[in-house]
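Novice: If you want the building blocks of each chain, they are given just below.
There are 2 protein chains.
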Amino acid sequence: MLSKAKLKYIKSLQLKKYRKEEQRFIVEGARSVAELLDSDFQITMLAATPDFLHQQVKRLAKRDMETIESSEQQLAAAGSLETNESAIAVVQMKPNEPPRLPANEFTLVLDDIRDPGNLGTIIRTADWYGIYNIIASGETADVYNPKTIGASMGSFLRVRLFYTVLTDYLRDAPKLYGTFLKGTDVHTIPFAKEGFIVIGNESNGISAAVEGLIHERIMIPRYGAAESLNAGVAAAVVLDNLRRSKK
Amino acid sequence: MLSKAKLKYIKSLQLKKYRKEEQRFIVEGARSVAELLDSDFQITMLAATPDFLHQQVKRLAKRDMETIESSEQQLAAAGSLETNESAIAVVQMKPNEPPRLPANEFTLVLDDIRDPGNLGTIIRTADWYGIYNIIASGETADVYNPKTIGASMGSFLRVRLFYTVLTDYLRDAPKLYGTFLKGTDVHTIPFAKEGFIVIGNESNGISAAVEGLIHERIMIPRYGAAESLNAGVAAAVVLDNLRRSKK
Chain D
1 MLSKAKLKYI KSLQLKKYRK EEQRFIVEGA RSVAELLDSD FQITMLAATP DFLHQQVKRL
61 AKRDMETIES SEQQLAAAGS LETNESAIAV VQMKPNEPPR LPANEFTLVL DDIRDPGNLG
121 TIIRTADWYG IYNIIASGET ADVYNPKTIG ASMGSFLRVR LFYTVLTDYL RDAPKLYGTF
181 LKGTDVHTIP FAKEGFIVIG NESNGISAAV EGLIHERIMI PRYGAAESLN AGVAAAVVLD
241 NLRRSKK
Chain F
1 MLSKAKLKYI KSLQLKKYRK EEQRFIVEGA RSVAELLDSD FQITMLAATP DFLHQQVKRL
61 AKRDMETIES SEQQLAAAGS LETNESAIAV VQMKPNEPPR LPANEFTLVL DDIRDPGNLG
121 TIIRTADWYG IYNIIASGET ADVYNPKTIG ASMGSFLRVR LFYTVLTDYL RDAPKLYGTF
181 LKGTDVHTIP FAKEGFIVIG NESNGISAAV EGLIHERIMI PRYGAAESLN AGVAAAVVLD
241 NLRRSKK
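Protein sequences, first through last, are from chains D and F. Per the working numbering, the first sequence starts with residue 1, numbered consecutively. Per the working numbering, the second sequence starts with residue 1, numbered consecutively.
Be aware that one or more of the hints could be misleading.
[Claimed, not checked] BS3-like, lysine-lysine: derived pairs with alpha carbons at most 25 Å apart:
1) K246(D) x K247(F)
2) K182(F) x K20(F)
3) K147(D) x K147(F)
4) K247(F) x K182(D)
5) K182(F) x K247(D)
6) K247(F) x K247(D)
7) K182(F) x K17(F)
8) K6(F) x K20(F)
9) K182(D) x K147(F)
10) K94(D) x K147(D)
11) K8(D) x K20(D)
12) K147(F) x K6(F)
13) K147(F) x K8(F)
14) K246(F) x K246(D)
15) K247(D) x K246(F)
16) K246(D) x K182(F)
[As the list claims (entries may be wrong)] Reference listing, derived: stretches of chain F covered by chain D, where coverage requires no fewer than 3 residues with Cβ under 8 Å from a Cβ of chain D:
17) 16-24
18) 42-52
19) 56-69
20) 171-178
21) 213-224
By construction, these hints were calculated from the structure, which means they are not laboratory data. All C-beta atoms in this analysis are idealised placements derived from N, C-alpha and C, irrespective of residue type, glycine included.
Based on the provided sequences and hints, a complete structural model is requested.
Specialist: Printed below as a string of structure tokens:
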């Protein structure tokens, strides 16, 4: 059974302040936790229903961690999800060490994506399109926010996200694309072999400082009247066109 | 000033039950309300800050409705947004009369899109790609939910959404595409001149009953490891490829 102290500890990790202090975060829901068990993330605690523990007995045998049998009610109280709670894991963060990129690949750059759900959707989309590194500004939502982890649908396990000062990091980038309302048509642009693609903030787009570093402005053609696209949607359309252009 | 009774009335419209009874919904935020004033929607009440009323004096002159000068605090109390409240309008719903379609155009079909934010994003995306009719199952989220209206970023003013029984409505559809994990590659499919494109539920995809009516299964090629795409992202990628294919 989950003690009051442990329940309180898990709940505290819903807040960025405590996640940062502890360098730990939570992963919730049967599906995400099952995938997590197969990953190289270090799990420090697992609270789950007897059913879940029974189903995952093989995966659990390979893991050394504190395992606490809990009721659905307890898990619902500890977690952030409204429904479907059968497992919550406390997980060690990985170090935030942005690698030198790119090397024959494309990297997504997020310039202040503020909404945790949007961020999770972008991580999931990156995973779909085989983009495994994301570089994000310090003002971007926290990748370890339970909403981001949830919306990523397990893709946070495969896609690494690093926070850094974009203007420093991108200064010597070989090829830097940015999405704007005006630019080269994403349907016809000949994408380079490798590079960075910057997605701007939900309301304000790409910041002036980062805009100054962009080599090529790209735009998604509009056929109707909306003023803009959702940032996650824009990222997906650009990545789809990138992959399509290389067929 | 907003009376307690009116504040309570506006708040009640955050709930579907009262929206349905009243056949009214709320539109919040300076930008959306300004666009609303230019539309053909019937506004029955407008509560706004003196600043907003002053800025919109020309648009307001063309409208006949109850206008209530309010403080930001009052508007924040009445609305569903956390920030940036300077106007809330109470608006008459339009009749739910699904038209006979298509006629040289494409129509989006939503088979149980449950998340109000996803729904709003899809409406915004449809507006970007010039899709002005959406047919939705009865289990799809409420288009008049404040979260949907908010996420649509004003596009609900241009895109009409109708609820109906999909299996009845689509029975005689001339060309019905559905998005699946397996099917014809959306990058290379020769889309017809007109038709319907069905987007399935966030967790379960397209329902068996609707699947039985689909003429052509389409899929978005995957280059990585994610199991699926967010429903709103999938809709956007399909619409982008549809428009691109007609260039």
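Novice: Next step is simple, just say for each hint if it's right about the structure.
Specialist: Okay, the hints, checked on the actual structure:
1. With a C-alpha separation of about 19 Å, the suggested pair K246(D) and K247(F) falls inside the 25 Å cut-off, and the hint holds.
2. A C-alpha spacing of about 39 Å is found between K182(F) and K20(F), which places the hinted pair above 25 Å, so the restraint is violated.
3. With a C-alpha separation of about 16 Å, the suggested pair K147(D) and K147(F) falls inside the 25 Å cut-off, and the hint holds.
4. For the hint pairing K247(F) with K182(D), the CA-to-CA distance comes to about 18 Å; that is within 25 Å, so the pair holds.
5. Between K182(F) and K247(D), the direct Cα distance comes to roughly 18 Å. Compliance with the 25 Å bound is thereby established for this hinted pair.
6. Only pairs whose Cα atoms come within 25 Å are accepted, and K247(F) paired with K247(D) is accepted, the gap being roughly 19 Å.
7. As the CA atoms of K182(F) and K17(F) are separated by approximately 39 Å, the hinted pair breaks the 25 Å bound.
8. Taking the CA atoms of K6(F) and K20(F), the gap is near 18 Å; set against the 25 Å cutoff, the hint holds.
9. Taking the CA atoms of K182(D) and K147(F), the gap is about 29 Å. The hint is violated against a cut of 25 Å.
10. At roughly 18 Å between alpha-carbon atoms, K94(D) and K147(D) fall within 25 Å of each other, so this suggested pair holds.
11. For the proposed pair K8(D) and K20(D), the alpha carbon gap of about 16 Å is at most 25 Å, so the pair holds.
12. Among the hinted pairs, K147(F) with K6(F) is consistent with the structure: their alpha-carbon atoms are about 21 Å apart, no more than 25 Å.
13. Restraint check for K147(F) and K8(F): satisfied, since their Cα atoms lie roughly 19 Å apart, inside the 25 Å limit.
14. Among the hinted pairs, K246(F) with K246(D) is consistent with the structure: their alpha-carbon atoms are about 20 Å apart, no more than 25 Å.
15. Between the alpha carbons of K247(D) and K246(F) the distance comes to roughly 19 Å, so the proposed pair stays at or under 25 Å and holds.
16. Of the supplied pair hints, the one linking K246(D) and K182(F) holds, its CA atoms being roughly 21 Å apart against a limit of 25 Å.
17. Proximity of the segment 16-24 of chain F to chain D, defined as three or more residues with a beta carbon under 8 Å from a beta carbon of that chain, is not established by the 0 residues found.
18. Counting residues of the segment 42-52 of chain F whose beta carbon lies closer than 8 Å to any beta carbon of chain D gives 0, which falls below the threshold of three, so the coverage claim is violated.
19. Coverage of a stretch by a chain is defined here by at least three residues with a beta carbon nearer than 8 Å to that chain's beta carbons; for the segment 56-69 of chain F and chain D the count is 0, and the condition is violated.
20. As drawn, the segment 171-178 of chain F meets chain D at 0 residues by the rule of a beta-carbon pair under 8 Å; below three, the given contact is violated.
21. Three residues within the 8 Å Cβ limit are the bar, and the segment 213-224 of chain F against chain D gives 5, so the coverage statement holds.
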